[in-house]
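Enquirer: In the order they appear, the protein sequences are chains G and R. Heads up, the first sequence stops at 111 in our numbering, and the numbers go up one at a time, no gaps. Heads up, the second sequence stops at 1114 in our numbering, and the numbers go up one at a time, no gaps.
A few of these clues could be false.
As the list claims (entries may be wrong) - Simulated DEER-style distance windows between Cβ atoms:
| hint | chain 1 | residue 1 | chain 2 | residue 2 | range |
| --- | --- | --- | --- | --- | --- |
| 1 | G | N19 | R | N1051 | 23 to 31 Å |
| 2 | G | N30 | R | Q1080 | 49 to 57 Å |
| 3 | G | Q45 | R | P1008 | 19 to 27 Å |
| 4 | R | E1102 | G | P21 | 16 to 24 Å |
Claimed, not checked - Footprint (simulated), chain R over chain G, 3 or more residues, beta carbon under 8 Å:
| hint | region |
| --- | --- |
| 5 | 64-73 |
| 6 | 97-111 |
As the list claims (entries may be wrong) - Over 12 Å on every C-beta distance to chain G, these chain R residues come out as not near it, computed from the model:
| hint | residue |
| --- | --- |
| 7 | G1003 |
| 8 | T1013 |
| 9 | V1019 |
| 10 | Q1037 |
| 11 | S1062 |
Hints were generated in silico from the structure; no laboratory data involved. Where is the CB? At the ideal position from N, CA and C, for every residue including glycine.
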Amino acid sequence: DAKTTQPPSMDCAEGRAANLPCNHSTISGNEYVYWYRQIHSQGPQYIIHGLKNNETNEMASLIITEDRKSSTLILPHATLRDTAVYYCIVRVEHAGNMLTFGGGTRLMVKP
Amino acid sequence: DTGVSQDPRHKITKRGQNVTFRCDPISEHNRLYWYRQTLGQGPEFLTYFQNEAQLEKSRLLSDRFSAERPKGSFSTLEIQRTEQGDSAMYLCASSLHAGNTEAFFGQGTRLTVV
């Protein structure tokens, strides 16, 4: 699976949009981009995933660049409960389908 | 259905003792995964099951570790002769089937070896 690069930490003001970047310059054509987050003392939680088109669900939006070398997770109106570590993962759809987590981005939402 | 359940939530054991953790996946999920997470790091894959078959094991899974899923439902992870380096959060996840599906994680079992 391709390697991802994320900033180690970010701050965001409550009520503002949080834009979390991820670099995956070695992504291959059959690899999906997944985002999970982990709130303190809990297991990771799935947020969203995509292949090449932008995706939106009730939690977030995922913007993937046309060359697929990078993506941005957008939390449109961040709340204090969105404070967590956010992991960007690229994953090929193969038999194992296990997730390879990197260091993630620690997002701190401040009042 | 209340999601993936893990038991116990916390375990403190003396070095050299054996410990066993249990994971109950979401019903009808035929994929079950075990991960380990140390402080400040992302989770690391240990092993996974497709129904009762253990299909892949990470190099992190030493001979002291064994996992089972005897009837394709709950799973157990046993660590024999625990070492201080085994102290970590052990996470279980399940997913519906192979392919492009999301994995649901439990809250983990925090192991402390003293």
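Enquirer: So, for every hint listed, does it hold in this structure?
Expert: Now the hints, each set against the structure:
1. G/N19 <-> R/N1051: 23 to 31 Å: violated (41 Å)
2. G/N30 <-> R/Q1080: 49 to 57 Å: For R/Q1080 against G/N30, whose Cβ atoms are near 39 Å apart, the range 49 to 57 Å is violated.
3. G/Q45 <-> R/P1008: 19 to 27 Å: holds (21 Å)
4. R/E1102 <-> G/P21: 16 to 24 Å: holds (22 Å)
5. 64-73: Since three or more residues must qualify, the claim that chain R covers the region 64-73 of chain G is violated, with 0 doing so at under 8 Å.
6. 97-111: Per the Cβ count (8), the hint holds.
7. G1003: violated (9 Å)
8. T1013: Non-interface label on R/T1013 holds, nearest chain G Cβ at 20 Å vs cutoff 12 Å.
9. V1019: holds (19 Å)
10. Q1037: violated (8 Å)
11. S1062: holds (18 Å)
Violated hints, in rising order: 1, 2, 5, 7, 10; the structure is consistent with all others.
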